[in-house]
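A.B. asks: Letter by letter, the chains look like this.
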Amino acid sequence: MKRIFCHVAMLCVLCFALHAETKRGNLLGTEEVTSTSAETFTFRLVETEGSFPQLQFLRQKHITHHEVRVYEALEETVRRNQGTGITDRGTVERRVIPGKKIRGESVRREEYQDLGPLADTELVFEGRKIKTDEKGLWLDTSQMLLTRFDDSRSRSQILHASHPTFGEQTLEITRNFIRLKTMPTATERLEEKADLLEKLSLDFTQLKRSNGSGVEARLSFPDKGTAGTAVAATLHVRNGGKQPVCNLVARSFSSTPELNGIWFYFGNVNPGKDGAFSRLFTLPPLKGEHFVTFAFWNLHGAMPAQACNAKITIE
Amino acid sequence: MHIFNIGLYKTDGTREMKKHNIDRMQGIVRGTFCIACILLAAEAFAQPAATQEEYDKRAKVLKVRKKMEVERDLALRTESQLSSLEARVAAVPRLSDGDAQLRTYLALRSEVKEMLGLMETTTSRQVEILGNADSVASAGDLLPQTGAYLEEIRSELQAMGVKQKSQRARLVEISRVVELGIKNVPPPERFRNGAGQEMRLVRSGGQSFYISLEPVAGSEGMTFAQAQALVAKLAQREKSPYHLPTRKELVLLERLKLFPSCAIWSADQWKPSDTEEQRQQERFGIVKYLVWDPRRVLGRKASFGELPQASYPKLGVYVVTSVQAGTRIRWASLAKEGKP
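Those sequence lines, one after another, are chains A and B.
Position one of the first sequence corresponds to residue 17 (this note's numbering), numbered consecutively onward.
Position one of the second sequence corresponds to residue 8 (this note's numbering), numbered consecutively onward.
Please keep in mind that the hints were generated in silico from the structure rather than gathered at the bench.
Among the hints, a few may not be true.
Below, simulated DSBU-like cross-link-like pairs (lysine-lysine); rule was C-alpha separation at most 35 Å, straight line [as the list claims (entries may be wrong)]:
1. A:K327 / B:K170
2. B:K255 / A:K303
3. A:K289 / A:K224
4. A:K327 / B:K343
5. B:K321 / B:K278
6. B:K70 / A:K303
7. A:K327 / B:K67
8. B:K321 / A:K303
9. A:K215 / A:K145
10. A:K303 / B:K278
11. B:K308 / A:K240
12. B:K278 / A:K240
13. A:K303 / B:K73
14. A:K327 / B:K73
15. A:K303 / B:K308
16. A:K240 / B:K73
17. A:K327 / B:K278
18. A:K327 / B:K321
Heads up, incomplete: computed chain B residues facing chain A, CB under 10 Å, no partners named [to be verified]:
19. T58
20. Y62
21. E196
22. S280
23. E289
24. R302
25. L305
26. R307
27. G312
28. P320
Just so it is clear, the structure is predicted and the values come from calculations on it, not from any experiment.
Here a beta-carbon is modelled for each residue, glycine too, at the ideal position from N, C-alpha and C.
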């Protein structure tokens, strides 16, 4: 009886000493279980020159991959010290089991495939219907985007566009008056985020040397108009000085709310160069004369000498 | 002698008779009669031939007597004048018209001045009488009655002097009240300035001012700079500090519901309630001025900020000046009348 007990005990000890287990090793890759796809769109600000921002709408294929991660299978063997020279605590030996894989957690991967411009398509953008051209472009002729930033407290705006089939998309745009030279561009920062002034090809990078004294300004503004109609005001600037003028902007001031608080952007204007910016004004319903001042500002402060005064009669 | 004594007694008793002028006059007549009798008696019972010296003395005494009669009469008149003055001064504030008040005060002032001058001459005259009486008394060889009479004259003059002192004090008080009254005469409710603009008084506690009744300009419209230039020209012409109404003055006009017929420029800058708008105005160096349009003739808000170059047909100018300007005009018109 004693002998049997000793054999069993020795067998148990041997089994314990040479215990082996299968475990997950390195990630080998993923295996697609299933995938779904849907057609959608995206939009972005595109670089343009002038006073009217432009958006491009692109078709996209949105593919959702449902995958599972695949790992190599390891055989793990624990060895105890039996006077064979290994450490007191023993060792763990791992060995990849050839041909055997372990499937782990499932993951979801999304993929967007560009399918070219969303051409000649009607969309709802910021609550109003728009239609793209053959290149998927839409020119903001009403300066809706600029108007959103006429409230100077507004630094960024989230734009919404929707399509009955392709769903809804958003885009965050910013407006930075002053940009440091070291500051990454909006595009570099985040692809989806775009700076409006940057996309209007205006340079608002802060310059070390600048001077606004040589700036000459001229205004084109009608002196008559009909209530409720839109008229354009264009400010022309020319830097007749010897140094660039930095971060040049202008703003309208009037006691008539419709003519007050409209911003004009010029950015940096080098010596001998000129710039122009136009804004649309919806004329007020109140008939009679209305007065507006277009005042300028650059990095050095206000420029009262360059201010342009105008009077418009609403008929 | 008895009669003389009675007469003297009666004469001495004039203090009691002050209240009863008729009695007093009777006393004077009696006294005069007695003196005349004395002098006649003295002449009759005198030494056979009165010397030239005695005649001179008599003449002097008679002169003193006559002068005293005049003084008594004057003293009575002064007292009644003084009482009348006091009554008139007290009545002035009850006059509703400021101009009438001022005219009355000015008349009273000149009367007071005149009376004070008269009082000075009266005093010197009385001193002279006293000197005459003394010189007669000091000459000696007087009848005892004459000496007593002169003594009475002296004491009467002294009493008159005391009374004059109190009358002078009353006059000084009247003069003080008159001067105070002149200062406190309310400014004229309206006046027309040299440019022909009618100015209306706006009164409220410590803050009173004149504002033009009609827009000074405005039928064609006027920019802020033009309005300021107009006000400066007016101030120079009128030699008074004219200005466009300030915000405080407009608040008062609104409270009193004194609304102008058109929108008007204010002298004060306009600060928007929106802090961001205010920040942008400062940033771009823009200054807007307050326009007050309670009747909303411009079709905008009752008060708003307007650019200085704005000029609307119904945006006019009302001018404001100080209370002193109205007072000055009043004094000038009184000067034309020859009052001050």
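A.B. asks: Each hint needs a verdict: does it hold in this structure or not?
C.D. replies: Comparing the hints with the structure gives:
no., hint, result
1, A:K327 / B:K170, "violated, 82 Å"
2, B:K255 / A:K303, "holds, 31 Å"
3, A:K289 / A:K224, "holds, 18 Å"
4, A:K327 / B:K343, "violated, 50 Å"
5, B:K321 / B:K278, "holds, 22 Å"
6, B:K70 / A:K303, "violated, 97 Å"
7, A:K327 / B:K67, "violated, 99 Å"
8, B:K321 / A:K303, "holds, 13 Å"
9, A:K215 / A:K145, "holds, 23 Å"
10, A:K303 / B:K278, "holds, 25 Å"
11, B:K308 / A:K240, "holds, 23 Å"
12, B:K278 / A:K240, "holds, 29 Å"
13, A:K303 / B:K73, "violated, 94 Å"
14, A:K327 / B:K73, "violated, 93 Å"
15, A:K303 / B:K308, "holds, 15 Å"
16, A:K240 / B:K73, "violated, 99 Å"
17, A:K327 / B:K278, "holds, 22 Å"
18, A:K327 / B:K321, "holds, 16 Å"
19, T58, "violated, 108 Å"
20, Y62, "violated, 103 Å"
21, E196, "violated, 35 Å"
22, S280, "violated, 13 Å"
23, E289, "holds, 8 Å"
24, R302, "violated, 16 Å"
25, L305, "holds, 8 Å"
26, R307, "holds, 7 Å"
27, G312, "holds, 6 Å"
28, P320, "holds, 8 Å"
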